[in-house]
Amino acid sequence: MPELPEVETIYLGLERLIKGKRFESVTFDVQKSFPNSYNEVDQFMINATVIGIQRRGKALLIELNSNYSLIVHLRMTGQLVYEGKEIRFGGGHPSSSLLNSLPDKSTRVVVTFTDGSKLYFNDQRKFGWMRLYPTSQINSLPFFAKLGPDPLDNLFTWQDLRQRLQKRTQSSIKSVLLDQGVVSGVGNIYADESLWGAQIHPATKVQALKIRDYKALYASLVSVLRLSIEKGGSTDRNYVNAEGKKGNYLEIAKVFRKEGQPCPRCGTEIIKIRFAGRGTHLCPRCQKVKTA
DNA sequence: CACTTGACCTGTCCGC
DNA sequence: TGCGGACAGGTCAAGT
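Counting along the first sequence from 1, when you hit position 177 you're at 226 in the numbering used here, and nothing is skipped either side.
Bear in mind the hints are in silico, worked out from the structure with no lab data behind them.
A few of these clues could be false.
DEER-style ranges, computed between Cβ atoms [said to hold, decoys possible]:
id	residue 1	residue 2	range
1	Asn149	Gln103	37 to 45 Å
2	Arg334	Gln80	47 to 55 Å
3	Pro183	Ile320	17 to 25 Å
4	Gly316	Ser74	32 to 40 Å
5	Ser150	Glu300	20 to 28 Å
6	Gln215	Lys68	35 to 43 Å
Here are the simulated BS3-like cross-link-like pairs (lysine-lysine), alpha carbons at most 25 Å apart as the crow flies [as the list claims (entries may be wrong)]:
id	residue 1	residue 2
7	Lys216	Lys337
8	Lys280	Lys295
9	Lys264	Lys254
10	Lys339	Lys259
11	Lys154	Lys175
On a predicted model such as this, the values are computed, not experimentally measured, just so you know.
We treat Cβ as the ideally placed atom computed from N, Cα and C, and that holds for glycine.
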């Protein structure tokens, strides 16, 4: 669920809220959520200062001045929430937030900074993780080494998209869009939304796509991702940003979670099917399967 | 080798 | 009300 726009929103929040802060202590409940040893945490995290934050695909990198970086992947239900003098939870805090008080029962890691502020890593399903790695090794970690380009990179063009998709001509377009090695950051929500925008059926084989399809898909993907960032991302179930607030993109989504409602383009009822093992939303009239 | 399916988890919702 | 099962969907390992 946290896809590119959600992780970008968290990134923007962390940039403002924790950059320059120094770690005082760290506690965690299950090793799976934070697999480093106590020794590594003591040596490379405690008393280290946050010097930079990056997003790469759906992952966050928090760079420390100890030559280590903290990598965070939220997977399905992860949250990274800040609490400090600017932001408090509970105690009658008026809330567009999903959160009442922290920590809660899904809190896996609590990081405390020297100014008393805290960063909570919550993860209901425990698929997500955060982990310290030497900064110099990050680019060679398998996850990052094979990561495709960011679709919002200024240098990324429709020709790049076409060239990368065309390495997978036998596959369906939706499966390929979800492959982080082809393009990074796209998940189930924005795959469905961008394919609707480009009027391409998710099951269409890449080999059946024409030049105009690549151009349309590129334009659609970029605009959907940008629009969602403006809206603070999508809150489907439990996504919140670094301030604990929900995103608003789903209010203006065209097909995702809109089954039974009219297609904004042609009025036909949006359907939900199961495709490539996932819930897939589309307009059966605007998005026909094309064959080569 | 390319692609698809199952496992990892927990909470929610639906039907009986 | 309680219970079993389907479902949610990111990534990697295992299977076809």
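So, going through the hints one by one against the coordinates:
The beta-carbon spacing between Asn149 and Gln103, approximately 31 Å, falls outside the hinted interval of 37 to 45 Å. Distance hint check: the CB atoms of Arg334 and Gln80 are about 50 Å apart, consistent with the given range 47 to 55 Å. The hinted range of 17 to 25 Å is not satisfied by Pro183 and Ile320, whose Cβ atoms lie roughly 48 Å apart. The beta-carbon spacing between Gly316 and Ser74, approximately 57 Å, falls outside the hinted interval of 32 to 40 Å.
Against the hinted window of 20 to 28 Å, the Cβ-Cβ separation of Ser150 and Glu300 comes to about 27 Å, which satisfies the hint. The beta-carbon spacing between Gln215 and Lys68, approximately 40 Å, falls within the hinted interval of 35 to 43 Å. For the hint linking Lys216 to Lys337, the alpha-carbon distance of about 23 Å falls within 25 Å, and the restraint holds. A threshold of 25 Å between alpha carbons decides the hint, and for Lys280 with Lys295 the separation of about 10 Å falls inside it, so the pair holds.
Proposed proximity of Lys264 and Lys254 is supported: the alpha carbons are some 16 Å apart, at most 25 Å. A hinted pair counts as satisfied when its Cα atoms are at most 25 Å apart, and Lys339 with Lys259 qualifies at roughly 10 Å. Distance hint between Lys154 and Lys175 is fulfilled; the C-alpha atoms sit about 12 Å from each other, no more than 25 Å.
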